[in-house]
Amino acid sequence: MRSINDTIAVETQEKQRLLDLTSCVKQKVGASGIQNGVVGLYSQHTTAAVFISECQAALSHDIMEFFTDAVSDQYPYRHNSPEFSDCDRKNAASHLRALLLGQSVLIPVVEGKPVLGQFQSVMFAEFDGPRRRALHLQILGD
Amino acid sequence: MRSINDTIAVETQEKQRLLDLTSCVKQKVGASGIQNGVVGLYSQHTTAAVFISECQAALSHDIMEFFTDAVSDQYPYRHNSPEFSDCDRKNAASHLRALLLGQSVLIPVVEGKPVLGQFQSVMFAEFDGPRRRALHLQILGD
Amino acid sequence: MRSINDTIAVETQEKQRLLDLTSCVKQKVGASGIQNGVVGLYSQHTTAAVFISECQAALSHDIMEFFTDAVSDQYPYRHNSPEFSDCDRKNAASHLRALLLGQSVLIPVVEGKPVLGQFQSVMFAEFDGPRRRALHLQILGD
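Those sequence lines, one after another, are chains A, B and C.
Take any residue in the first sequence, count from 1 to its spot, add 73: that is its number in the numbering used here.
Take any residue in the second sequence, count from 1 to its spot, add 73: that is its number in the numbering used here.
Take any residue in the third sequence, count from 1 to its spot, add 73: that is its number in the numbering used here.
This is chain A alone, in the form it adopts within the complex:
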């Protein structure tokens, strides 16, 4: 079994932003030469998410609006209080949104390609930008 490790760099200019990483993941799987196994994409950050969804502008808007509503920015989070936390960024809501969406995906690789469905894209969600992020990509297989 081979294990190939790589990085996908992403950069955002906004506080919250969705990016489609599908073509980048597919390209790296193809270049690896691995025919059968799995590809994993892991955020090494706690205020960003990696997940699978349909990539459509209207739906992406709905997803970000849903998680913004589901996790209020206004709640008196201890993580945002100088009394309890020395974190400079008041980003408790960003942490909670990332927890709800998840921080990694694992996709089977068959005949050299990730088996994504017709409407599935590999998505990255920034919840505490603007930031530069490095995502760990791993391809395991033969």
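Honestly, the hints are just simulated from the structure, not real lab data.
Here the structure is a predicted model, which means the values were calculated and not measured.
The reader is advised that the hints may include incorrect statements.
Each pair may be met inside one copy or between any two copies, as identical chains are not told apart.
Here are the simulated DSS-like pairs of lysine-lysine, each with C-alpha atoms no more than 30 Å apart in a straight line [claimed, not checked]:
hint	residue 1	residue 2
1	163	88
2	88	99
3	186	99
4	101	186
Got chain A sorted already, so can you dock chains B and C onto it with the hints?
Showing chains B and C alone in chain A's frame:
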């Protein structure tokens, strides 16, 4: 390392429905002959979920009711609006419910069996039925 | 490819509790001698969660408060009703909180170490304690 890929077909008659796939997953792991590794079940769809839970009628009812309440059908989603989306199905809520529950599970295989706990079942949730779905099953190991 | 299977035992005295398992996971990966592969931690329980987050007392408080608010204990769950369920523990909310957070994590192992980010810890959340739990740890690789 061997990589075995298979499909589990599911079909629902209702808009929303939970199905227990545990016996099917266990049977396919047993038939594979793989003794040590992992088994993954992946939905290749964006409005259905795969997850692990206790399979009990009362709890299944609660799970579906919780996600139906947590993600309103009535919200003015852009994905459901002809102004923003050409999607025929007004299924933004189905996407969001699937995102919250997750679309894949990975379970260690030890001595030829998935190491599910006493009360754990592999569950499928349809959020946009009635539909026929194909789930990708992968067993990796030796 | 080698497959190493182990258990992490956790014990809580409270109904709900977060525990940091990072040092234990790192120690077991180091002791395995596996240089490249993945490490997975799987809860075999349906009312506890395993996930990745920043381990900070203020944020841990916020996380538990968020999930306690998001999933009401007071809702008339069927799983908690003697009419529909023979479950002794009225723990429907515990199930739902575990489903939202997730029950397993998988982390790439590179050069003998899990590739956790600077602020990432492997966390366990008990939602139906006090309990003793056994978590399945699996390291796959070479």
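Using 30 Å as the alpha-carbon threshold, which applies to residue 163 and residue 88: within, between, both, or neither? both (12 Å within a copy, 28 Å between copies)
At most 30 Å between alpha carbons: which applies to residue 186 and residue 99, within, between, both or neither? both (7 Å within a copy, 26 Å between copies)
Taking 30 Å as the upper bound on the Cα-Cα distance, should residue 88 and residue 99 be classified as within, between, both, or neither? So residue 88 and residue 99 pass the 30 Å test inside one copy only (27 Å; across, 33 Å).
Between the shortest in-copy and the shortest cross-copy C-alpha distance, which are at most 30 Å for residue 101 and residue 186: within, between, both, or neither? For residue 101 and residue 186, the Cα distance is within 30 Å both inside one copy (10 Å) and across copies (23 Å).
Checked against the numbered hints above, the structure violates none of them.
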